[in-house]
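Protein chains: 2
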Amino acid sequence: MIAPFTALRDHFIKLLPAIEPQLSDILPWFESYHACKDELLIEENHPSDHLYFVAAGMLNLFFKNNQGHPQTIHFAMENWWIADYPSLTSLGAAAFSVQALEDSALVRIKRNRYNELLITYPMTAVYFNQVHQRAYAAALMKQKIFATVSKEEFHRYFFTTYPDFVSRVPAHILASYFGISVDQLRDLTDRMLS
Amino acid sequence: MIAPFTALRDHFIKLLPAIEPQLSDILPWFESYHACKDELLIEENHPSDHLYFVAAGMLNLFFKNNQGHPQTIHFAMENWWIADYPSLTSLGAAAFSVQALEDSALVRIKRNRYNELLITYPMTAVYFNQVHQRAYAAALMKQKIFATVSKEEFHRYFFTTYPDFVSRVPAHILASYFGISVDQLRDLTDRMLS
Chain A
1 MIAPFTALRD HFIKLLPAIE PQLSDILPWF ESYHACKDEL LIEENHPSDH
51 LYFVAAGMLN LFFKNNQGHP QTIHFAMENW WIADYPSLTS LGAAAFSVQA
101 LEDSALVRIK RNRYNELLIT YPMTAVYFNQ VHQRAYAAAL MKQKIFATVS
151 KEEFHRYFFT TYPDFVSRVP AHILASYFGI SVDQLRDLTD RMLS
Chain B
195 MIAPFTALRD HFIKLLPAIE PQLSDILPWF ESYHACKDEL LIEENHPSDH
245 LYFVAAGMLN LFFKNNQGHP QTIHFAMENW WIADYPSLTS LGAAAFSVQA
295 LEDSALVRIK RNRYNELLIT YPMTAVYFNQ VHQRAYAAAL MKQKIFATVS
345 KEEFHRYFFT TYPDFVSRVP AHILASYFGI SVDQLRDLTD RMLS
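Those sequence lines, one after another, are chains A and B.
Numbering of the first sequence is given in the numbering used here, commencing with residue 1 and proceeding in unit increments.
Numbering of the second sequence is given in the numbering used here, commencing with residue 195 and proceeding in unit increments.
Take the hints with a grain of salt, since some may be wrong.
[Claimed, not checked] Subject to a maximum C-alpha distance of 20 Å in a straight line, what follows is the list of computed SDA-like cross-link-like pairs (lysine to any residue):
| id | chain 1 | residue 1 | chain 2 | residue 2 |
| --- | --- | --- | --- | --- |
| 1 | B | Lys336 | A | Ala18 |
| 2 | A | Lys64 | B | Val343 |
| 3 | A | Lys142 | B | Pro264 |
| 4 | B | Lys336 | A | Lys110 |
| 5 | A | Lys14 | A | Tyr121 |
| 6 | A | Lys142 | B | Lys336 |
| 7 | A | Lys144 | B | Ile374 |
| 8 | B | Lys338 | A | Glu43 |
| 9 | A | Lys142 | B | Met335 |
| 10 | B | Lys345 | B | Ile374 |
| 11 | A | Lys144 | B | His240 |
| 12 | B | Lys336 | A | Tyr121 |
| 13 | A | Lys144 | B | Leu234 |
| 14 | B | Lys338 | A | Asp190 |
| 15 | B | Lys336 | A | Asn66 |
| 16 | B | Lys338 | A | Met141 |
| 17 | B | Lys304 | B | Pro264 |
| 18 | A | Lys14 | A | His34 |
| 19 | B | Lys304 | B | Thr283 |
| 20 | B | Lys338 | A | Gly68 |
| 21 | A | Lys64 | B | Lys336 |
| 22 | A | Lys151 | B | Lys258 |
| 23 | A | Lys142 | B | Ile374 |
| 24 | A | Lys110 | A | Tyr33 |
[Claimed, not checked] Far from chain A, some chain B residues (derived; all Cβ distances over 12 Å):
| id | residue |
| --- | --- |
| 25 | Leu221 |
| 26 | Pro222 |
| 27 | Met271 |
| 28 | Glu272 |
| 29 | Asp297 |
| 30 | Phe322 |
| 31 | Gln327 |
| 32 | Asp377 |
Keep in mind that the hints were calculated from the coordinates and are not lab data.
Glycine included, each C-beta is placed from N, C-alpha and C at the ideal position.
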């Protein structure tokens, strides 16, 4: 498995080649962290103060819906950043929970250190601005796709485009992401394969 | 009315006081632009290459749904940035349309100039990273609120929290944002006021 810091270094350079000469000063601001499967890294309504980069493994971001069931709205796999973004600016309690779906090799940084880093090495902000522009674009696209594509089409698209990803996610979590029940998910999968 | 460049200058300083000494070099990268009511600034499936800052007025971001009706998923009022974020990174055609709901005083920058600016004055990336982190947080919160709050509660919250905003938006656009019909919107408003 690739070392967590190597994965982060590679991702910085991939998005922003010009940052390479500064990375020996920048990378020591981060720390590596191993999350065990099912570990809760951020808990809804509790203080949260880290941003996480996934070097290997998978995290999901979710909230408890009206029925008290966790509803996943985002996954973070290799090379994704995840945090409780609402409290990153509000400084209040977390709006979402983040859990490890697999043993995960992460790199993390505390919120206040992250804000210091951006000012001290503004080229890191050029990198994070790209990360967050893409995340925002993906969140907008998800709203469009959910409104314009049937659950069946979305399921087919997802299962044929990301077969490796689908095989790694428990059915009840995937169903909550699709906004359907586990039975409906099973029906759609059966229908697609038949 | 506040001059467009003054509004942008003030917003830079509000989010990032440390950027002030560089603003005389940074602001000339932008141009002011007046959009007339109903003007289409970005058109879905067509090339799009500007980011817009709203100094005064209001824009909405929408796509055509399965029935060919425009569905608004985002508004930009004073001090918000708006762009077609998916094509900002993919460089493909626009995924969304952006229209002026009122005569609007804007400041804009072309995509390639924006990317040059971030590298030339990385402190601008510290500012834009804050803008995009907040926009991403708002998009995630919207997913949580839509899933945990009834249409009636959401309507009541929106109308009591943003009365000035609600009075500026045509009913059919507000209804599409809420994901309900104009008749349903009228019923909810009547019920709230009765």
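So, going through the hints one by one against the coordinates:
Proposed proximity of Lys336/B and Ala18/A is contradicted: the alpha carbons are some 35 Å apart, above 20 Å. At roughly 12 Å between alpha-carbon atoms, Lys64/A and Val343/B fall within 20 Å of each other, so this suggested pair holds. Distance restraint check for Lys142/A and Pro264/B: the Cα-Cα separation of roughly 16 Å lies within the 20 Å cut-off, and the hinted pair is therefore satisfied. A threshold of 20 Å between alpha carbons decides the hint, and for Lys336/B with Lys110/A the separation of about 25 Å lies outside it, so the pair is violated.
With a CA separation close to 18 Å, the supplied pair Lys14/A and Tyr121/A stays within the 20 Å bound. With a CA separation close to 12 Å, the supplied pair Lys142/A and Lys336/B stays within the 20 Å bound. For a cut-off of 20 Å, the pair hint linking Lys144/A to Ile374/B stands: about 16 Å separates their Cα positions. Distance restraint check for Lys338/B and Glu43/A: the Cα-Cα separation of roughly 15 Å lies within the 20 Å cut-off, and the hinted pair is therefore satisfied.
A hinted pair counts as satisfied when its Cα atoms are at most 20 Å apart, and Lys142/A with Met335/B qualifies at roughly 14 Å. For the suggested pair Lys345/B and Ile374/B, the alpha carbons sit about 8 Å apart, so the restraint of at most 20 Å is met. Taking the CA atoms of Lys144/A and His240/B, the gap is about 17 Å. The hint holds against a cut of 20 Å. Restraint check for Lys336/B and Tyr121/A: the C-alpha separation of about 32 Å exceeds 20 Å, so the hint is violated.
At most 20 Å may separate the alpha-carbon atoms for a hinted pair to count; Lys144/A and Leu234/B meet this at roughly 19 Å. For the hint linking Lys338/B to Asp190/A, the alpha-carbon distance of about 30 Å lies beyond 20 Å, and the restraint is violated. For the suggested pair Lys336/B and Asn66/A, the alpha carbons sit about 15 Å apart, so the restraint of at most 20 Å is met. About 16 Å separates the Cα atoms of Lys338/B and Met141/A, which keeps this hinted pair within 20 Å; it holds.
Using a Cα cut-off of 20 Å, the hinted pair Lys304/B and Pro264/B is violated, with the two alpha carbons roughly 26 Å apart. Between Lys14/A and His34/A the CA atoms are separated by roughly 24 Å; this puts the pair beyond 20 Å, and the hint is violated. For the hint pairing Lys304/B with Thr283/B, the CA-to-CA distance comes to about 13 Å; that is within 20 Å, so the pair holds. Between the alpha carbons of Lys338/B and Gly68/A the distance comes to roughly 13 Å, so the proposed pair stays at or under 20 Å and holds.
For the proposed pair Lys64/A and Lys336/B, the alpha carbon gap of about 14 Å is at most 20 Å, so the pair holds. With a C-alpha separation of about 18 Å, the suggested pairing of Lys151/A with Lys258/B holds against the 20 Å cut-off. The hinted pair formed by Lys142/A and Ile374/B meets the criterion: a straight-line CA distance of about 19 Å does not exceed 20 Å. Taken as a hint, the Lys110/A and Tyr33/A pair is honoured in the structure, with Cα atoms around 12 Å apart against an allowance of 20 Å.
Distance check on Leu221/B: its Cβ is at least 18 Å (rounded) from any Cβ of chain A, clearing the 12 Å threshold; non-interface status holds. Consistency note on Pro222/B: stated as away from chain A, and its beta-carbon is indeed over 12 Å from all of that chain's, at 20 Å minimum. Taking the minimum C-beta to C-beta distance to chain A, about 17 Å, the non-interface status of Met271/B holds against the 12 Å cut. Chain A leaves Glu272/B outside its interface by the beta-carbon criterion, the shortest separation being 18 Å against a cut-off of 12 Å.
Taking the minimum C-beta to C-beta distance to chain A, about 26 Å, the non-interface status of Asp297/B holds against the 12 Å cut. The Cβ of Phe322/B sits about 5 Å from the closest Cβ of chain A, inside the 12 Å cut-off, so the non-interface label is violated. A Cβ of chain A approaches the Cβ of Gln327/B within 12 Å, the least distance being about 5 Å, so the stated non-interface status is violated. Asp377/B, annotated as away from the interface, keeps every beta carbon of chain A farther than 12 Å; the closest lies near 20 Å.
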